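S.K.: Sequence:
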Amino acid sequence: MDKAKSPCFCINLRQASQTITEFYDTALQPSGLKITQFSVLKAARYLEPVSISALAEYLGLDRTTLGRSLRILERDKLLTLEPGQDQRERSVRLTEQGQVAYRSAYPLWKQAQQKITEGLGKEQVEILGVLLANLETATK
0 MDKAKSPCFC INLRQASQTI TEFYDTALQP SGLKITQFSV LKAARYLEPV SISALAEYLG
60 LDRTTLGRSL RILERDKLLT LEPGQDQRER SVRLTEQGQV AYRSAYPLWK QAQQKITEGL
120 GKEQVEILGV LLANLETATK
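Numbering (numbering that gives the first Met the number 0), first residue to last: 0 to 139.
FYI, nobody ran anything at the bench for these hints, they're computed from the structure. Mixed in with the good hints there might be a few duds.
With a straight-line cut-off of 20 angstroms between C-alpha atoms, the simulated DMTMM-like cross-links for lysine to aspartate or glutamate are [unchecked claim]:
#  : residue 1 : residue 2
1  : K41       : E56
2  : K4        : E21
3  : K76       : E95
4  : K109      : D24
5  : K139      : E56
6  : K114      : E88
7  : K33       : D75
8  : K41       : E73
9  : K41       : D24
10 : K76       : E47
11 : K33       : D61
12 : K41       : E81
13 : K41       : D75
14 : K41       : E122
15 : K41       : D61
16 : K33       : E95
17 : K33       : E21
18 : K139      : E21
19 : K109      : E122
20 : K114      : E125
21 : K114      : E21
22 : K33       : E73
23 : K114      : D24
24 : K109      : E125
25 : K76       : E21
Since we're looking at a predicted model, the values are computed, not measured.
Please model the complete structure; the sequences and the hints are all you need to start from.
M.R.: Spelled out as structure tokens, the structure:
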């Protein structure tokens, strides 16, 4: 059943978000990671060592939402939460197992990115990026 398009921007974006999340989760399935987990690993790897607050800000997530993902990744031994420079803050760092998981998932993520680019076309992908950035600015 096709999802009805609503005049509500929020509903349409939520539906698109669900669709794209399912697309990436399916693409990443061989790695055992979900797109939410991969995104956290990718950002933490890029920024590490990084505080939870800085990682949440970089990903555009609140600390509570990020905390759930971090607990799962820590449980699965893909990252560690270590004392930070500030006593009140903890630092996120990928474990060797986390590095392996990231390297396993990265080519799958790249393939998914390429499939979207091929489906939409490079120009539409660029326009989408601009529209999403403008939407974020317009709603602040």
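S.K.: Quickly compare the C-alpha distance for K41 and D75 to 20 angstroms and report which way the hint goes.
M.R.: Holds - the C-alpha atoms of D75 and K41 are around 16 angstroms apart, at most 20 angstroms.
S.K.: Is it true that the CA of K114 sits at most 20 angstroms from the CA of D24?
M.R.: With Cα atoms ~14 angstroms apart, K114 and D24 stay inside 20 angstroms; holds.
S.K.: Hey, K33 versus D61, does the alpha-carbon distance stay inside 20 angstroms?
M.R.: 19 angstroms, holds
S.K.: Can the restraint linking K114 and E21 be considered satisfied, given a maximum Cα separation of 20 angstroms?
M.R.: Given that 20 angstroms is the threshold and the Cα spacing comes to 14 angstroms, the pair holds.
S.K.: Within 20 angstroms, alpha carbon to alpha carbon, are K41 and D61?
M.R.: OK: K41 and D61 at ~17 angstroms, within 20 angstroms.
S.K.: Against the 20 angstroms threshold, does the CA-CA distance of K41 and D24 hold or violate the hint?
M.R.: Measuring from Cα to Cα gives roughly 15 angstroms; hence the hint holds.
S.K.: Is the hinted pair K41 and E56 satisfied, with a Cα-Cα distance of at most 20 angstroms?
M.R.: Cα-Cα ~14 angstroms, so holds.
S.K.: For the pair we were handed, K76 and E21, check the Cα-Cα distance against 20 angstroms.
M.R.: 24 angstroms, violated
S.K.: Given the hinted pair K114 and E125, is their alpha-carbon gap at most 20 angstroms?
M.R.: 15 angstroms, holds
S.K.: Taken at face value, is the distance from the CA of E47 to the CA of K76 at most 20 angstroms?
M.R.: 16 angstroms, holds
S.K.: Tell me if the straight-line CA distance from K114 to E88 falls inside 20 angstroms.
M.R.: 39 angstroms, violated
S.K.: Measure nothing beyond the straight line between the CA atoms of K41 and E81; if it is 20 angstroms or shorter, mark the hint as holding.
M.R.: 18 angstroms, holds
Checked against the numbered hints listed earlier, the structure breaks hints 6, 14, 18 and 25; every other hint is satisfied.
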